[in-house]
Structure formats: structure tokens, C-alpha cells
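Chemist: One-letter residues, chain by chain:
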Amino acid sequence: MPQTPEQQRMAKLIVDVLNLEDVAPESIDPDAIMFEDDGLGLDSIDALEIAVAIAEEYDVHLSAEDEGTKEIFATLGNLTQHVTEEVNARA
Amino acid sequence: MYALELIARPETAMIAAGPHGDLSAGQLGADVATLAEQLAPARFLINRCEDRYWFAASFLAAALRGQITLLPGQRTDEAADALRRDHRDTREIADHEQARDQHVALVAGGNGSARAGALASDQIVARAFTSGSTGAPQAHDKPWGLLCQGRATHGELLALPGAELGLVATVPSWHMYGFEWALLLATAHPVTLWCGPSFFPQDVARATAQLAQSTPATVLVTTPVHLRALLKSLPDALPLHRVVSATAPLDPEQAKTLEARHRAEVLEIYGCSEIGSLASRRTASDAHWSFFPEFAVQREGERLHVQASALPGPVTLADRFAPTPGNRYELLGRTADLVKIGGKRESLSRLNRELCALPGVVDGVFYDPEQLGLPGTGRLGALVVAPQSTVSELKSALAGRIDPVFQPRPLTLVQALPRTGTSKLPRAALRQAVIDSVGGAPVGA
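Which chain is which? The protein sequence lines are F and U, in order.
Residues 1 to 91 (my numbering) make up the first sequence, in order.
Residues 1 to 445 (my numbering) make up the second sequence, in order.
Quick caveat, the hints were computed from the structure, so don't treat them as lab data.
Every residue gets a Cβ at the ideal spot worked out from N, C-alpha and C, and that includes glycine.
Any given hint might turn out to be false.
[To be verified] When the alpha-carbon atoms are kept at most 25 Å apart in a straight line, the in silico SDA-like pairs for lysine to any residue are as follows:
1. F:K70 <-> U:Q102
2. F:K12 <-> U:K232
3. F:K70 <-> U:Q74
4. U:K232 <-> F:R90
5. F:K70 <-> U:A79
6. F:K70 <-> U:P418
7. U:K232 <-> F:E85
8. U:K256 <-> F:E56
9. U:K395 <-> U:L374
10. F:K12 <-> U:Q74
11. U:K232 <-> F:E6
[Claimed, not checked] Just a sample of chain U residues kept apart from chain F, beta carbon distances all over 10 Å, derived:
12. E11
13. Q102
14. A139
15. A152
16. L157
17. S273
18. G301
19. R303
20. R379
21. V391
Bound conformation, chain F alone:
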């Protein structure tokens, strides 16, 4: 699945904030699990870094209290959808 423009922006944020120099943002599959070793192999501290970056970039504050945090962080597609919905809900 090709990335949507929103997913492209989120992919760039993730690659930038985690310094994944060897990962091209456009190569991240929107449906692949990011936190598994065969995905990007991210861990909980990466999730913390991503949450901080999303707060700075989108003014959206992620919380473990959000319905299904694990699913939100699971894939680029889910994360982008959640953040976009939060931004739209505010507008």
C-alpha cells in the first residue's frame, strides 16, 4: 500500500526523531508492525520519543489511557489515523 500524504509526514517524523538513517521514510509499510524485530524493531523508549515529537509537531498528546494505545502505536497507518482524527476533532 502506498503511503498517504499524512502517512508520509508521520513516517518522516519517526525516521527523524529516532535517527533511523538507514530507513527511507517512504519505505515504511503503513500496515507493518513497527515494534517487532522484523518491522522497525522499536521499543517502549522509542514510543516515548515518538509521543514527545508528536506533541511538538501536532500538539496532540498521546496517552496510554487512549483506547487501545498498543494498536495506535502498532503501525504507521494506525498512528497517523489516530493523530489525524485528534487534530480534526480539535478543528
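Since the structure of chain F is already known, use the hints to place chain U on it.
Modeler: Okay, now just chain U, sitting in the frame of chain F:
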């Protein structure tokens, strides 16, 4: 040997707040009694409860049944499986859908109030494991009396006279630090434990705001990694009375910023896996450590031997210290971190501090290839996370701060260091990172 209460709080006292509402010490006592009856027989219990209340109930129930709780230090199935391979007669308990063995909600819950009973001070109630910074994992048994001495002094360190405290921890209960500084404190002091989500900065903000409604002051028990995230994403002051930090060195400048922003004292805890928390300092204003009163400290050169009545024998600390006035100690560095280059001695910890303090450096570590079992040329190397910097910029910045013999050869830029969830850098992971980024060839050629 003497008996010590499991929950030394009045039955009506509030002990937990969170998604399940406020819960009293008596309710916890009743849940502990129910759980203790229903736990499957076993010698060891791996406690994988995410909710701090259920973790506490399961741990106390296991102790009442004479079962030793294993603290895996990590959340994963793999960590639990590794423990089960080394410990026969082990069961698990969890409070979430992925529970593989006993599920806490199926065996406990409901309304009640009871005292939980007492345990002998020499009963082993928990077993923790070293994180592996200095080698292979090692088991460390925790007698109930030792944990109770700790909960007494840690509580005194935090308490406002006569005041109720809320407590938010970002570290899990199955890590020794979270176990001591969240769960155990609530069993003996006027502390209400936040049991809801607390991992992300927004969760911490929500938790402290909610606790502030019922308690006059709140303590945050956390790590330097979480504090960095908090500073970045929460510009406003949180209603905090104290911040407790452990697991990795806290930058004094960061401590000062935190104190100014939240008007809260920032306490840093020094500990070792064999015993647990040993000493504290107020990092923003004090470079020296004060050991907790239950420990008798004997000095032999730069080594310290620590003894306590609840310990079977003295424990020699792996780190080196120098005595300072007022019965306090300056941490010189880890003994394993001591390096000698060109006849000069230096501590890797100090070098790491200098490296991490450079502008643009996000994270960094010096290593001695020979200590990692790699070919060496008598020089140190460094892995550095500094996205905006070049190797030559970093080297010239370092030149003013460290003796030139300790200049890393090579200094290698990397994307990240393989730190664990508690900021530690296990030796094996560091070794692999060096091999991956520098190569197996002699370093420093």
C-alpha cells in the same frame, strides 16, 4: 528474627487510585487474603500484573503463601520463559487478556476489609536479577526484613510531616526500583499509589492532576529518560512535591531545570542489585551521596563494604567512592569502568558524562574494546548519537574537556544506543553495537 506486617496502614486509609477508583488498605488486605487462598501451589511466582494494585495484591498474597516472587525486570514472554527455565516449580499471574497462567481478576476482587497479616523478617519474598551491565544475570534474594527497612527510610525521605502523598511511578513494578519506591512505600506510609497509565508525559500530567484533588502533595518516581521526555513535552509546572530518579545518572543541569519548573525537590537514588536502594542526593545542589541510616558503611581505600542487620553479610559495592565531609561519599566511578591509558587512570562514567554534556550529543558511551572482548590497541572508542554533528566537531569539543589520551579512536556516530527500558546499557548489547558500527577489526587502527 521478628514479624513485620505486610500492610502497615489503617484499614480505612486510601492506598490506591486509578481506573478502578479509590481502594483502601483494608480492601487490599481482603484481596490479599482471597488471592493467597486461591494461588496454585508453587515455589516461585512470576508477577506480570500491569496494574500496580493487582501487582501489589499478587505479591503480598504470594508472600503470605511462602512463594517467592520473581522480578523479571522486563515485560516480555521471553523474559518470563527464561526465568521458568531456571526456576522449576514456577507459576505466573497476570491481570491482562494475555495472561498465560493464573488471571488475578478471576480469583480476587469484591468488597471487603481485612488485615493482611505479618511475615518473619528473614523470609525470602522476592528475587531480583542484575541487569547485566557487568556480566551474566545473577539472582539476588530479598528477605522481608530488608525490604521493610528500606520502605521505612525511603518513606521518611519523602514524607511531609503528617501529610498524605500521592505517588506516580513511570517505572514498572517488576523492576526492583519500581517495586521498592512505589509498591512497598504504599504498604507502610500515607501514600496513595496511582494505578492507571503513567508511561507517557500526558499520562503523568493526568495522574498528578487527579491525585492533586485528594492528596496535598505528589511524588513522581521515574528515570532520566522519562524526565527528558517530560521536560520536552510538558512546559507547565506539575503539582509535584518531589521527583525521584534512578537507574541511570541524572544530569545536574537537568535536575536544576526540573526543580525550577516544578518547584519540586529532585532526589537521585543510588543503589545496587544485591541490596537495592542505598543512598540519595539532591542532584541540583549536591554532588555527594548520603547512605540510608540502616546501612553501616566501611571504607577500604576506594571500596565500600555495606552491612545491614537484615543482610546475611557485608556486600562490597562494585563502584569506587571517596569520603567527603559530613559522612558522605563522592561516586568516583564503576570499578569495571576504570580505565588506564598511557599510565593515566580515568573512569568511563566521567568520560561518558563529559561526552553526553557536549552540545548536540543526545546519547553517547565510551568503551574499552578489550573489556568488551574485542581486539584493542590500548585506546578507547566511543559510540555517539549526535544527529547534527560531525566526528571532527565532536572530537574538538571533547579535546577541551578530557585528557587527550582518552580521546576516542574511533569516535563513531550511531543512530541510537541499545539501552534497555530502564536506560541501562548491557555489556553484550554494547559489544554487539560496537561490532555492528565499528566492525570486528582492531579498533583504533
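Chemist: All hints are to be evaluated individually against the structure, with a verdict given for each.
Modeler: Taking the hints in turn, this is what the structure says about them:
Taken as a hint, the F:K70 and U:Q102 pair is honoured in the structure, with Cα atoms around 23 Å apart against an allowance of 25 Å. At most 25 Å may separate the alpha-carbon atoms for a hinted pair to count; F:K12 and U:K232 meet this at roughly 20 Å. A threshold of 25 Å between alpha carbons decides the hint, and for F:K70 with U:Q74 the separation of about 17 Å falls inside it, so the pair holds. A distance of roughly 22 Å separates the Cα atoms of U:K232 and F:R90; the hinted pair therefore holds under the 25 Å criterion.
Note on F:K70 and U:A79: the hinted pairing holds, with a Cα-Cα distance of about 20 Å set against a maximum of 25 Å. Taking the CA atoms of F:K70 and U:P418, the gap is about 22 Å. The hint holds against a cut of 25 Å. As the CA atoms of U:K232 and F:E85 are separated by approximately 23 Å, the hinted pair is consistent with the 25 Å bound. With a CA separation close to 23 Å, the supplied pair U:K256 and F:E56 stays within the 25 Å bound.
A C-alpha spacing of about 23 Å is found between U:K395 and U:L374, which places the hinted pair at or below 25 Å, so the restraint holds. The straight-line distance between the Cα atoms of F:K12 and U:Q74 is roughly 30 Å, outside the 25 Å bound, and the hint therefore fails. In summary, the hint linking U:K232 to F:E6 is supported, as the alpha carbons are separated by about 24 Å, within the 25 Å threshold. Once the 10 Å rule is applied to beta carbons, U:E11 is consistent with being away from chain F; the minimum gap is 30 Å.
At the 10 Å boundary, the C-beta of U:Q102 stays outside the reach of chain F, the nearest C-beta of that chain being 22 Å off. The claim that U:A139 is not at the interface with chain F holds, since no C-beta of that chain comes within 10 Å of its own (minimum 25 Å). The beta carbon of U:A152 sits about 32 Å from the closest Cβ of chain F, which is more than 10 Å, so the claim that it is off the interface holds. Distance to chain F confirms U:L157 as a non-interface residue, since its nearest Cβ pair spans about 27 Å, more than 10 Å.
Annotated as non-interface, U:S273 keeps its C-beta farther than 10 Å from every C-beta of chain F; the closest such distance is 21 Å. For U:G301, the condition that its CB be more than 10 Å from all CB atoms of chain F holds, with the nearest at approximately 37 Å. Distance check on U:R303: its Cβ is at least 33 Å (rounded) from any Cβ of chain F, clearing the 10 Å threshold; non-interface status holds. Its beta-carbon lying about 26 Å from the closest one in chain F, U:R379 satisfies the requirement of being farther than 10 Å from that chain.
Residue placement check: U:V391 keeps its beta carbon more than 10 Å from all beta carbons of chain F (closest about 14 Å).
Hint 10 from the list above is the single one not met by this structure.
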